[in-house]
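Protein chains: 2
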Amino acid sequence: MTGSLVVAGLGPGSDTLITPEVVQSLANATDVLGYAPYVARITPRPGLKLHQSDNREEIARARAGLQIAASGGRAVIVSSGDPGVFAMAAAVFEAVEAVPEWQRLDIRVLPGVTAMLAAAARIGAPLGHDFCAINLSDNLKPWALIEKRLRLAAEAGFAIALYNPRSASRPAGFARALEILREAGAASRLVVFARAVTTPHERIEVHTLQDARADLADMRTIVIVCNAETRRVGRWLYAPRQVS
Amino acid sequence: MTGSLVVAGLGPGSDTLITPEVVQSLANATDVLGYAPYVARITPRPGLKLHQSDNREEIARARAGLQIAASGGRAVIVSSGDPGVFAMAAAVFEAVEAVPEWQRLDIRVLPGVTAMLAAAARIGAPLGHDFCAINLSDNLKPWALIEKRLRLAAEAGFAIALYNPRSASRPAGFARALEILREAGAASRLVVFARAVTTPHERIEVHTLQDARADLADMRTIVIVCNAETRRVGRWLYAPRQVS
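Chains as they are written, first to last, in our numbering: chain A, 1 to 244; chain B, 245 to 488.
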């Protein structure tokens with residue numbers, strides 16, 4: 001019996017954004033593992049074991065999935081969005097590195113629609129020009145590095161997608177991030193706050209950076225700081241293709 | 245009769261990466277418009293008109309789609325990857341801006357799996373930490389701006405996804421980009437060349453930036469310059485979650 005581990009992205013919320021290859025891997029799975037709200041999106045069926053775990057237990061979850069694969073099971077670890085963007089894929093390879101025999105396992109990463117792409121699509125095309133993505137959580141990197149990247153990203157003129165802008169345990173970081181971007185000369189730029197995008201709870205607001213308040217974001221919000229050239233057309237925003 | 249325009253992403257190549265909402269929009273379409281190789285991916289059927297155009301005719305294609313919608317048709321403009329990332333969505337809103345009555349049309353952008361996410365998934369998790377995406381085509385922006393962004397992205401420690409690295413009309417830019425990144429101190433970084441990802445012609449190679457040659461890329465290649473911390477584990481690469 002040959003096992004496998006798939007690391008699959010469920011997209012930002014709507015099932016209409018789950019790719020057919022992810023649907024197929026779930027149909028073949030013996031075990032689905034993930035953060036509880038993501039596992040809750042999987043339809044139970046006989047022969048499928050669902051393993052829900054806490055948000056912070058990424059390495060333990062990765063190891064559990066690899067152990068199931070090593071024992072002949074077909075495990076799927078589910079992530080929101082794309083598993084390679086601030087999600088489970090990196091944790092899986094970190095776990096593989098620690099146990100060399102796991103390198104021989106059948107492991108596949110299945111990409112998905114990451115939150116910034118879905119948010120951008122709902123409001124127009126704010127990522128139509130060069131852009132960057134920064135995870136504002138400082139659980140695993142120093143805050144000073146985040147500040148440095150924000151300053152350089154503003155100087156480069158990138159549109160800036162901010163993941164995990166704000167959580168109960170890190171209430172102050174996002175306000176500071178907005179301040180740094182204002183100091184970096186980006187105060188007149190437009191900022192998109194897209195919460196729970198493509199779900200029934202979706203809420204999208206646009207402000208200038210000057211007027212943006214930190215409490216407009218929570219952990220279900222993706223924030224896009226548009227580039228300086230971004231234009232409003234009716235209810236839409238877009239980054240022009242031509243920049244001089 | 246109410247028309248509509250959908251701007252849809254077909255993903256990087258494999259039909260198993262097309263989202264159900266895009267499949268649905270194509271099933272409802274009266275007209276599909278796009279660059280010829282993308283339109284060639286659509287299955288013909290009675291009642292569906294296929295409009296193929298050249299790569300450079302983006303604004304003309306956007307206007308044609310908007311005109312079909314204004315006349316009551318259900319037009320779908322197809323892009324490779326995600327339509328919001330260096331693709332058709334920005335061109336559509338640029339066309340809308342020029343003709344104010346088009347703002348009242350039913351326009352939707354449907355996101356897709358953009359090439360860098362699919363390439364990253366095939367090789368592991370090189371975009372698992374902060375990253376940026378830069379379009380190396382200087383058709384619509386000055387080359388000096390591309391150079392500035394490359395230098396700042398290297399200084400920020402981003403993984404760097406390079407779209408449209410090389411074309412017959414711009415043979416020298418990509419070699420220069422590699423040189424700039426080496427000068428910026430990134431010579432020991434790993435570089436992923438992912439060509440025609442998720443198609444039968446897929447070819448993925450990894451080199452150090454020091455050893456990378458410009459002729460490893462063409463217009464069907466997405467290049468990912470990994471961040472400095474990226475590790476190899478067997479056939480995989482990943483960006484560690486923890487950075488000090």
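These are computed hints drawn from the structure, not numbers from a lab.
Beta carbons: idealized from backbone N, C-alpha and C, even for Gly.
Take these hints with a grain of salt, some might be off.
Claimed, not checked - Lysine to aspartate or glutamate pairs mimicking EDC-like chemistry, simulated, CA-CA at most 16 Å apart: (1) A:Lys148 <-> A:Glu101; (2) B:Lys392 <-> B:Asp382; (3) A:Lys148 <-> A:Glu97; (4) A:Lys148 <-> B:Glu399; (5) A:Lys141 <-> A:Glu155; (6) B:Lys392 <-> B:Glu427; (7) A:Lys49 <-> A:Asp31; (8) B:Lys385 <-> B:Glu399; (9) B:Lys392 <-> A:Glu179; (10) B:Lys392 <-> B:Glu345; (11) A:Lys141 <-> B:Glu427; (12) B:Lys385 <-> A:Glu179.
Said to hold, decoys possible - In silico contact screen, one side only, chain A against chain B (beta carbon under 7 Å); selected entries: (13) Pro20; (14) Gln103; (15) Ala133.
Fill in: Pair hint B:Lys392 and A:Glu179, alpha-carbon separation not exceeding 16 Å
Not satisfied, since the Cα-Cα distance of roughly 24 Å exceeds 16 Å.
Against the 16 Å threshold, does the CA-CA distance of A:Lys148 and A:Glu101 hold or violate the hint?
violated, 38 Å
- Message: Holds or violated: A:Lys148 and A:Glu97, Cα atoms, limit 16 Å.
- Response: violated, 29 Å
Is the straight-line distance between the alpha-carbon of A:Lys49 and that of A:Asp31 16 Å or less? holds, 5 Å
Does B:Lys385 pair with B:Glu399 here, judged by a C-alpha cut-off of 16 Å? Judged against 16 Å, a Cα distance of about 22 Å means the pair is violated.
Min Cβ distance, A:Gln103 to chain B: is it shorter than 7 Å? OK, holds: A:Gln103 within 7 Å of chain B, min 4 Å.
- Holds or violated: are the alpha carbons of B:Lys392 and B:Asp382 at most 16 Å from each other? At roughly 13 Å apart (the allowed maximum being 16 Å), B:Asp382 and B:Lys392 satisfy the hint.
(Q) Hinted pair, alpha-carbon criterion (16 Å max): B:Lys392, B:Glu345. Please report holds or violated. (A) Violated, because 38 Å separates the two Cα atoms, which is more than 16 Å.
- Straight-line alpha-carbon gap A:Lys141 to A:Glu155, limit 16 Å: Not satisfied, since the Cα-Cα distance of roughly 22 Å exceeds 16 Å.
Is the straight-line distance between the alpha-carbon of B:Lys392 and that of B:Glu427 16 Å or less? holds, 12 Å
Holds or violated: A:Lys148 to B:Glu399, with C-alpha atoms at most 16 Å apart = holds, 9 Å
*Satisfaction of the A:Pro20 interface hint, Cβ to chain B closer than 7 Å*: holds, 5 Å
Violated hints, listed in ascending order, are 1, 3, 5, 8, 9, 10, 11, 12; each of the other numbered hints is respected by the structure.
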